[in-house]
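Engineer: Can you build the whole structure from these sequences, using the hints too?
2 protein chains.
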Amino acid sequence: MLRTLTSASVALGPRVAGWVRTMASHQLLVTPPEALLKPLSVPSRLLLGPGPSNLAPRVLAAGGLQMIGHMHKEMYQIMDEIKQGIQYVFQTRNRLTLAISGSGHSALEAALLNLLEPGDSFLVGANGIWGQRAVEIGERIGARTHAMIKDPGGHYTKQEVEEGLSQHKPVLLFLTHGESSSGVLQPLDGYGELCHRYQCLLLVDSVASLGGAPIHMDQQGIDVLYSGSQKVLNSPPGTALISFSDKAKNKIYTRKTKPYSFYLDMKWLANIWGCDDKPRMYHHTTPVISLFSLRESLALIAEEQGLENSWRRHRDVTAYLHGRLQGLGLQLFVKDPTLRLPTVTTIAVPAGYDWRDIVKYLIDHFSIEITGGLGPSLGKVLRIGLLGCNATRENVDRVIEALQEALQRCPRNKL
Amino acid sequence: MLRTLTSASVALGPRVAGWVRTMASHQLLVTPPEALLKPLSVPSRLLLGPGPSNLAPRVLAAGGLQMIGHMHKEMYQIMDEIKQGIQYVFQTRNRLTLAISGSGHSALEAALLNLLEPGDSFLVGANGIWGQRAVEIGERIGARTHAMIKDPGGHYTKQEVEEGLSQHKPVLLFLTHGESSSGVLQPLDGYGELCHRYQCLLLVDSVASLGGAPIHMDQQGIDVLYSGSQKVLNSPPGTALISFSDKAKNKIYTRKTKPYSFYLDMKWLANIWGCDDKPRMYHHTTPVISLFSLRESLALIAEEQGLENSWRRHRDVTAYLHGRLQGLGLQLFVKDPTLRLPTVTTIAVPAGYDWRDIVKYLIDHFSIEITGGLGPSLGKVLRIGLLGCNATRENVDRVIEALQEALQRCPRNKL
Ligand SMILES: Cc1ncc(COP(=O)(O)O)c(C=O)c1O
Ligand SMILES: Cc1ncc(COP(=O)(O)O)c(C=O)c1O
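The listed protein sequences correspond, in order, to chains A and B.
The first sequence runs 1 to 415 under full-length UniProt numbering.
The second sequence runs 1 to 415 under full-length UniProt numbering.
Note that these hints are calculated values from the structure, not bench results.
Just so you know, not all the hints are guaranteed correct.
Repeated chains share a single entry, so a pair holds when one copy, or any two copies, can fit it.
To be verified - Subject to a maximum C-alpha distance of 27 Å in a straight line, what follows is the list of computed DSS-like cross-link-like pairs (lysine-lysine):
hint: 1; residue 1: Lys169; residue 2: Lys258
hint: 2; residue 1: Lys360; residue 2: Lys278
hint: 3; residue 1: Lys360; residue 2: Lys73
hint: 4; residue 1: Lys380; residue 2: Lys278
Structural biologist: In structure tokens form, the structure reads like this:
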């Protein structure tokens with residue numbers, strides 16, 4: 001069969017005839033869109049909202065790299081490095097640690113789809129939009145979902161959690177570490193232990209806090225922790241970090257039904273991320289370039305700064321912001337200083353102003369993004385994020401200068 | 001309240017004390033991983049497998065851009081351009097056309113999660129791995145899923161489809177246009193009409209064929225069409241294209257239950273992509289940088305080449321590949337030339353060889369990726385993809401030269 005190794009000429013027989021037929025059978029009805037004929041235009045922005053944040057230079061460089069295959073051994077090496085980086089920033093030794101191919105919401109959904117079966121009792125701390133989203137997803141999955149609703153600005157004491165646990169006997173409790181819509185930092189010490197006393201697993205959202213506020217997954221007894229790439233990590237949105245304790249893993253591996261999602265099925269994801277003992281198989285094509293970026297983000301935090309330095313920097317720079325905001329006569333939305341998130345700051349909308357005017361002023365005149373509230377905090381707050389490489393005193397000075405001008409120029413008592 | 005606009009000094013009162021307490025309460029147990037302290041290392045590869053493919057230079061440049069907000073007006077403009085680009089490459093005027101924040105599988109899952117309700121009858125052409133995946137997802141959702149199973153290499157005639165339609169009365173039929181695991185191009189003319197006669201919607205996977213083989217969504221009566229970014233479009237994996245006909249949209253908007261997924265809920269996605277008449281609201285953070293790249297991919301096809309040129313180039317270059325492969329004495333896996341996919345070519349594994357040796361030889365000695373089979377075609381075929389900017393005669397010559405050497409050097413009759 002392989003006898004003649006000649007450089008062959010091309011046989012354009014019946015196959016091409018077939019194609020020509022196919023190609024001729026329909027006319028193009030839709031013409032190339034005008035807008036796509038212009039060059040891509042992207043403005044320069046200082047992203048001081050609650051995220052996404054700007055990309056760190058090293059992350060930016062990784063984004064410009066050429067593709068390799070998602071199943072090449074070099075890619076598996078990079079994925080292993082990402083896993084180790086996540087273990088470091090989460091402070092965990094969990095083997096089931098990986099990145100999801102989607103945004104922060106997809107990690108929340110992955111957690112709930114894999115941990116909950118229809119009819120399971122699910123308890124949710126809903127003190128802002130993220131708890132609302134957990135409720136929404138829990139209900140879609142058919143879990144008996146119990147929301148502990150609080151106004152934005154609130155947090156959950158251990159006593160409150162214990163009441164919920166004893167009343168609802170949930171298999172899973174959801175708490176948001178950095179409640180970025182309200183600016184609250186939820187304390188976590190002792191909550192894992194408490195949950196475990198009630199045979200409940202603890203799921204924590206650290207999308208807006210990871211790298212900016214201390215978290216110790218293993219020591220705090222957190223069973224599932226997830227975060228996003230586009231906040232303190234300064235990576236593009238599109239990947240999310242997640243890790244499962246042995247208890248959580250066990251719940252997944254002993255479930256009776258398959259999760260509704262194949263894309264987010266943790267047994268498959270565990271395999272492609274080398275978290276089980278089987279050879280890696282094809283599941284889906286992972287976002288190779290975004291993973292390059294994520295690897296660089298994690299390297300940055302491991303190498304240049306160290307986790308404790310990163311926590312300290314966010315704490316100090318945000319404290320500086322708080323002082324300067326108060327100097328402008330503005331009021332911080334979260335009253336208790338120990339409950340303020342060191343990454344995203346919420347400011348009570350100053351009396352007489354429309355928050356939209358202020359946000360618009362900053363983007364139009366300074367190309368700086370800050371945002372209003374979100375979900376239950378909409379209309380109540382302005383939000384400033386100092387995330388990762390954006391957490392500098394220089395950026396605080398820039399946003400304060402811009403805010404000062406906005407407060408002078410924007411209409412007052414319009415409302 | 002806003003009387004004193006002074007440049008304030010920093011108040012480091014109780015809040016910092018609180019943080020210091022938090023920070024001191026736990027030691028770091030996990031140290032920065034060694035592997036992350038080395039620079040990121042990515043080899044240079046010519047990706048001639050079934051995808052992902054190499055990035056086009058213009059796409060590569062977009063990947064290196066800095067972030068803007070996912071809800072900035074400039075981003076909405078880019079998203080609008082992407083929609084128009086998808087309408088062009090799909091040849092559709094459907095308003096509900098957008099990009100999913102995930103891989104090709106997430107688009108399949110989005111289609112099924114939104115179109116099927118538990119108990120719905122779902123008919124699947126399963127002539128390779130992609131149909132198997134559709135079956136897997138359909139079953140997870142609780143649809144009554146009926147697979148029309150064929151060996152790899154097979155396709156579905158209208159008569160076969162009609163039998164399935166009349167027997168199972170499905171609400172949805174799944175077909176794969178470019179069956180990349182077997183190398184088959186499924187004919188589509190007349191299938192939409194046929195489905196509609198049976199009150200069935202037609203869902204088509206064009207992940208591996210879009211831009212390389214003619215498809216005319218509207219004229220062919222396809223109700224849901226999806227594709228990926230990482231094949232002919234030469235974008236990074238991580239986004240997927242999808243569009244819904246009015247009939248399909250109507251099924252989604254009149255369903256009785258909410259889809260199990262919030263992340264992939266088409267009503268929410270329609271809103272953030274500006275496909276409904278409501279103001280855009282926050283749903284999830286879209287993969288901004290990947291969308292920049294996708295926009296550039298679509299611009300390339302609209303601008304430099306035009307869809308018909310792109311189809312022609314894939315046809316011609318792949319015909320050239322086929323001729324050269326036959327010149328090496330190799331046999332194409334798909335016997336009928338009119339059913340051969342003009343993007344991904346399957347070659348019967350030459351007698352006496354282990355396909356793994358050949359694949360490994362090419363990557364080790366030439367840094368060229370080709371792959372073996374996948375799912376039901378595993379062990380049966382070798383696969384060569386000529387996708388987008390990789391579809392050149394020069395690349396054909398390179399892979400043929402490499403294959404020729406591999407065939408001489410790899411062990412024979414080992415099996
Ligand atoms: C605390 C928190 N959780 C979850 C999310 C959702 O992440 P994504 O928008 O990437 O889906 C965010 C995003 O802003 C967040 O701040
Ligand atoms: C025809 C076809 N459908 C679906 C997929 C799945 O896409 P992804 O790997 O991006 O999830 C692929 C990917 O190779 C494919 O070729």
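Engineer: Does each hint hold? Answer for all of them.
Structural biologist: Evaluation of the provided hints:
1. Within a single copy, lysine 169 and lysine 258 get their C-alpha atoms as close as 23 Å, and across copies as close as 26 Å, so both meet the 27 Å cut-off.
2. For a Cα distance limit of 27 Å, the shortest separation of lysine 360 from lysine 278 across copies, 21 Å, qualifies, whereas the shortest one inside one copy, 53 Å, does not.
3. Proximity of lysine 360 to lysine 73 under the C-alpha cut-off of 27 Å is restricted to the inter-copy arrangement: shortest distance 11 Å between copies versus 47 Å within a copy.
4. In this assembly of identical chains, lysine 380 and lysine 278 lie within 27 Å of each other by CA distance solely across copies; the values are 23 Å between and 51 Å within a copy.
The earlier numbered hints are all upheld by this structure, with none contradicted.
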